[in-house]
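Start from the sequences and build out the full structure, keeping to the hints where you can.
Here is what each chain is made of, one letter per residue.
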Amino acid sequence: MASLLVLTAIVFVAVALALLIALAIRRIILARRGREHAAAVRRVRPIAISMLEGEDVERPVLSPGDQAVLADVLGRYARQLTGAAEGRVAEYFRGSDALARSQRELRSRRAWRRATAAYRLGDMGCEEAAPTLLTALQDPNRTVRAAAARSLGRLKIVDAAKPLVEALVSGRVPNGVAGEALVELGPAAVPELRTIAEHPSFRLRATAIELLGLVGDTADSPLAVRCLGDPSADVRAAAAGALARIGGPAAESALRSTLDDRIPFVRAGAAVALGAIGSREPLPRLLEMAQTDEFRPARAAAQAVARISPMALVAAAEEPDAGPHLHEAADVSVL
Amino acid sequence: MVHTLLWVFSWLAFAYFVVYSVCQVAFTLIAWKSLADYRHARAFSPMDEVYASPFTPPVSIILPAYNEEAGVVASVHSLLDLRYPRHEVIVVNDGSTDATIERLTEAYDLVPVRVALRTQIPAAPVRGAFVSRIHPNLWVLDKENGGKADALNAGINASTHPYFCAIDADAVLEQDSLLRIMLPFIDDPDLVAAAGGIVRVANGAVIESGRLVDFRLPANHIARFQIMEYFQAFLIGRLGFDRVNAVLIISGAFGLFKRELVEAVGGYAHNTVGEDAELVARLQGYLREQGERFRIRFIPNPVCWTEAPSDIKTLERQRRRWQRGLGETLWRHRRQMFNPRAGWFGLFTLPYFLFFELLGAVIEALGIPVVLISWAIGVLSFSFFVIFLIVSVLLAVIVSISALLLEEYADRRYERPRDMALLVLYAVIQNLGYNQLTAYFRCRGFVDLVRRRRDWGVMTRKGLEQPAEVPLPERQAGV
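Protein sequences, first through last, are from chains Z and W.
Residues in the first sequence are numbered consecutively from 1, following our numbering.
Residues in the second sequence are numbered consecutively from 336, following our numbering.
If you're looking for bench data, these hints aren't it; they were derived computationally from the structure.
All residues carry an ideal CB built from backbone N, CA and C; glycine is no exception.
There may be inaccurate statements among the hints.
[As the list claims (entries may be wrong)] Derived lysine to any residue pairs resembling SDA-like cross-links, with alpha carbons at most 20 Å apart: (1) Lys648/W x Phe781/W; (2) Lys368/W x Ala111/Z; (3) Lys593/W x Asp234/Z; (4) Lys368/W x Lys156/Z; (5) Lys368/W x Arg142/Z; (6) Lys156/Z x Ser388/W; (7) Lys368/W x Asp234/Z; (8) Lys593/W x Lys648/W; (9) Lys368/W x Arg110/Z; (10) Lys156/Z x Phe673/W; (11) Lys368/W x Arg26/Z; (12) Lys368/W x Pro264/Z; (13) Lys593/W x Gln625/W; (14) Lys593/W x Pro264/Z; (15) Lys156/Z x Gln625/W.
[What the hints assert, rightly or not] Interface residues of chain Z toward chain W, partial, derived using beta-carbon atoms under 7 Å: (16) Leu5; (17) Tyr77; (18) Trp112; (19) Arg150; (20) Pro174; (21) Gly179; (22) His325; (23) Glu328; (24) Val332; (25) Leu335.
Encoded structure:
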C-alpha cells in the first residue's frame with residue numbers, strides 16, 4: 001500500500017512538473033518567435049510600402065522566412081487597397097511561390113489550414129486562384145467554404161455568382177458571408193439573384209431581394225414591388241428595404257399600401273422606405289401610424305416623418321394627442 | 336457516533352474530490368481542443384468584412400449604473416469607441432445618489448428628450464431621458480432605483496436594435512470584442528440565442544481613455560488569486576459547457592442576447608441576485624419547450640476586463656452574493672434538473688452546479704481539516720490521509736497549472752516572465768488556503784440563501800405591449 005501511495009504521489013508531482021516545464025518551454029519559444037517576427041516585419045515593411053507605391057527600386061533577396069512575412073504584410077495591406085496598388089500586390093504574389101503554396105494547402109488534411117489558405121488567396125488578389133477557390137466552395141468543412149466564398153467575392157470572380165448563390169441556397173455558407181461576397185460581385189450577381197427571388201424557400205427569397213436592394217438598380221424595382229405581395233412577411237419586409245434603396249416609379253404607391261400590412265415589422269419596413277424616398281404624399285398616413293400603431297411601426301413612422309418633413313413633425317408633436325413616438329422623434333430631430 | 340460521522344464525511348469528501356477532478360480534467364481536454372480551433376481561426380476570421388458588411392446587425396449596449404460617478408464616463412467612452420458598424424449605448428442610471436448623471440451630462444453634452452419606451456417588461460418608472468449632442472447614439476435613462484435587473488429591463492425597453500449587449504458599469508471591453516461576440520450570430524442567426532465572452536481581471540492593468548494599454552499583474556494578492564480563478568472558470572469550465580450546448584452562466588459583465596427572446600421570457604428577474612444565470616436558465620428552458628434548435632454560446636476571445644475585489648470583505652460579499660444567486664437559480668429551475676428533456680443542461684450542467692458549486696462548498700471548506708482530524712484521532716489510516724491530499728490538492732494544482740497553460744496557449748496577455756512565474760506560484764498556493772477561504776464564503780452564501788427562502792417568488796409575466804412616454808425631467812422641462 002505504501003509503495004502504491006508513493007508511486008501515485010510521484011506520478012502526480014511528475015505531471016505537475018511536466019506541465020510547468022511545458023509552460024516554460026512554450027513561453028521561451030513564443031517569446032523568441034515574437035521577437036523574430038517583429039524584427040522581420042520591421043525589415044520587410046519598407047519593401048512592402050515601396051512595392052505598393054510602385055517605386056522602381058532594386059529589392060533585396062529575402063530569406064524564405066522574410067518572404068512569408070512579406071506575403072503576410074502585403075496580404076493584410078491588400079484588404080484596404082484598390083486600384084493600381086492592389087494590382088501590384090497581385091503581381092508580387094504571381095511572381096512568388098505563395099500563390100502556389102496556398103493553392104496546395106487547399107488540399108491539406110487539416111481544415112484550418114485549408115480555411116487559412118482559402119482566406120489568404122482572397123488577399124493575394126490573383127484571379128488565377130478562382131478555380132481552386134470554386135472547388136473549395138464544395139469543401140466538407142463549413143469554415144473552409146466560408147473562407148472560399150469571402151475570397152471569391154474579394155477577387156470579384158463573376159463566374160462565382162451562381163456557385164455562391166447555390167451555396168447560399170443550400171445553406172452551405174452562412175447567409176451573411178455569401179451575401180457579402182455577392183455584394184462584392186456587384187451587378188454581376190444580379191441575374192442570379194433575380195432567379196432566387198423566385199425560389200420556394202422564403203428565407204432565400206428574402207435574402208435575394210435584400211441583396212438586390214444593395215447591388216441592383218431601378219430595373220429591379222418591379223420585382224421588388226411584386227415581392228411586397230409575397231406570402232412571407234420576411235420577403236415583404238426585405239422588399240420594402242430594397243425599395244428604400246432602389247426606388248422606382250411604382251415603389252411609393254406600393255409601399256403606401258404596405259403601410260396597411262397585417263405584420264408590424266413589414267409596416268415598419270414600409271415606413272422606413274417611404275422616409276427614405278421622401279415624398280410628402282404619405283405624410284398623413286405616417287402621422288396617423290405614429291400615433292396609433294404598435295410600437296415598432298409607430299416609431300418607424302415617426303422617424304420617417306422626421307426624414308420627410310421635420311417641420312411637419314414638430315407641428316404634429318405639439319398636438320395634444322401626438323403620442324410618445326412623435327414627441328421622441330421631434331425632440332431628437334431638433335438636436 | 337462522532338467517529339462514524341467523521342468517517343462518512345471523509346469518504347464523502349474523497350469521492351467528491353475524485354469526481355470533481357475527473358470533471359476538471361475532462362473540461363481541460365475539451366478546452367484544449369476548443370482553444371486550438373479558435374487559435375487557428377484567427378488567421379481566417381473575417382473581422383474586417385464583418386465590420387464593413389451591411390448584414391452585420393446593429394446592437395444596443397445597455398450599461399446599468401448605480402453610483403458610478405467615478406468611472407462611468409470612461410466606461411461610456413470605451414463603449415462609444417468600440418469597433419462596430421452600428422451600435423447605440425444606453426446608460427441606465429438606476430436612481431444613483433451621487434453625481435453619475437451630472438458627470439455624463441458634462442462629458443457628453445446630454446440634452447433632455449421625451450422617449451417612447453416599450454412596456455413589455457415591467458421596470459421601475461423612468462424619470463427622464465437624455466441624448467448626447469456629441470454622440471447621437473448615446474442615450475441615458477434616469478430611473479428610480481430598482482436594482483441591476485430592473486435597470487437592464489428598462490434598457491431593453493428603450494433599445495431599438497434586435498440584439499442587446501449587457502455590460503457592467505465597471506467593465507472595459509476590448510475594441511473588437513463586440514464584433515467578435517457577434518460572429519456566431521452572423522454565422523447562424525436563427526440558431527444562436529445568446530453568447531457570453533471571457534471576463535478577465537483588470538486590476539493592475541493600465542487603462543487610458545477607456546482602453547487597456549498594458550497588462551500587468553496587480554500588487555494585491557487577493558486580485559492575483561482571482562486572476563487564476565477566472566482563468567479556470569472561463570477557460571476550463573465554460574468551454575466545456577459550451578461544447579455540449581449547456582451553458583448556464585453568461586456573465587453579467589458581458590453578454591449578448593437576442594432581444595425578442597429575452598422579451599418573450601419576461602426579461603431579467605428582479606427578485607434574484609443571480610439575474611444573469613437565471614436568465615440563461617430560463618432561456619434554456621423556454622427554447623427547449625418551444626422545440627427550437629438553438630445554441631447559447633461561450634466565446635473565449637471577445638474580452639471584457641473588470642475590476643475584481645481587492646480586499647477580503649468585498650470578496651466575501653461578492654462570493655456570498657454569487658452563491659445565493661446560484662442557489663436561487665437552481666431552485667427556480669429545479670424542474671429542468673435531471674430532466675432528460677433538458678438535454679445536457681438538465682442532466683449535467685445543473686447537477687454539476689448543484690453538487691460542485693453549491694453543495695460542494697461545504698466539502699471544499701471542511702474536507703482537509705476533517706480528514707486531518709480523522710487521521711489524528713485514528714478514525715482513518717495514514718494511507719487514506721495521503722491519498723486524500725493527493726487527490727484534493729495535487730490534482731487541483733495540476734488543473735490550476737493547466738489553466739495557466741491554456742491562457743498561455745490562447746491569449747498570452749501577461750508577457751513579463753516575472754508575471755508568469757508569479758502566476759505559477761499563485762496557481763499552487765491558491766489550493767492551500769485561498770480556495771478553502773472562498774469555499775467558506777460560499778458556505779455563508781448558502782446560509783444566506785436558506786434564510787432568504789421566502790424571497791423565492793414566481794416570475795412576473797409580461798403584459799400587453801403599450802408604449803409609455805418618458806416626459807422631460809422636471810428640473811429641465813423648461814429647457
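Results for each hint:
1. Lys648/W x Phe781/W: 17 Å, holds
2. Lys368/W x Ala111/Z: 14 Å, holds
3. Lys593/W x Asp234/Z: Holds. Lys593/W to Asp234/Z sits at ~17 Å (cutoff 20 Å).
4. Lys368/W x Lys156/Z: Outside the cut-off at roughly 35 Å; violated.
5. Lys368/W x Arg142/Z: With Cα atoms ~18 Å apart, Lys368/W and Arg142/Z stay inside 20 Å; holds.
6. Lys156/Z x Ser388/W: 16 Å, holds
7. Lys368/W x Asp234/Z: Judged against 20 Å, a Cα distance of about 38 Å means the pair is violated.
8. Lys593/W x Lys648/W: Not satisfied, since the Cα-Cα distance of roughly 36 Å exceeds 20 Å.
9. Lys368/W x Arg110/Z: The hint holds at about 14 Å.
10. Lys156/Z x Phe673/W: Cα-Cα ~53 Å, so violated.
11. Lys368/W x Arg26/Z: The hint holds at about 17 Å.
12. Lys368/W x Pro264/Z: Between Lys368/W and Pro264/Z the Cα gap is close to 45 Å, so the pair fails against 20 Å, i.e. violated.
13. Lys593/W x Gln625/W: 16 Å, holds
14. Lys593/W x Pro264/Z: 18 Å, holds
15. Lys156/Z x Gln625/W: It is violated: about 42 Å lies between the C-alpha atoms, which goes past 20 Å.
16. Leu5: 5 Å, holds
17. Tyr77: Interface hint status for Tyr77/Z: violated (12 Å vs cutoff 7 Å).
18. Trp112: 4 Å, holds
19. Arg150: This interface hint holds because 5 Å falls under the 7 Å limit.
20. Pro174: 5 Å, holds
21. Gly179: 5 Å, holds
22. His325: This hint holds: His325/Z lies near chain W, its Cβ roughly 5 Å from the closest one there, short of 7 Å.
23. Glu328: 5 Å, holds
24. Val332: 6 Å, holds
25. Leu335: Hint on Leu335/Z: holds, closest Cβ of chain W at ~6 Å, below 7 Å.
Of the numbered hints stated above, those contradicted by the structure are hints 4, 7, 8, 10, 12, 15, 17, listed in ascending order.
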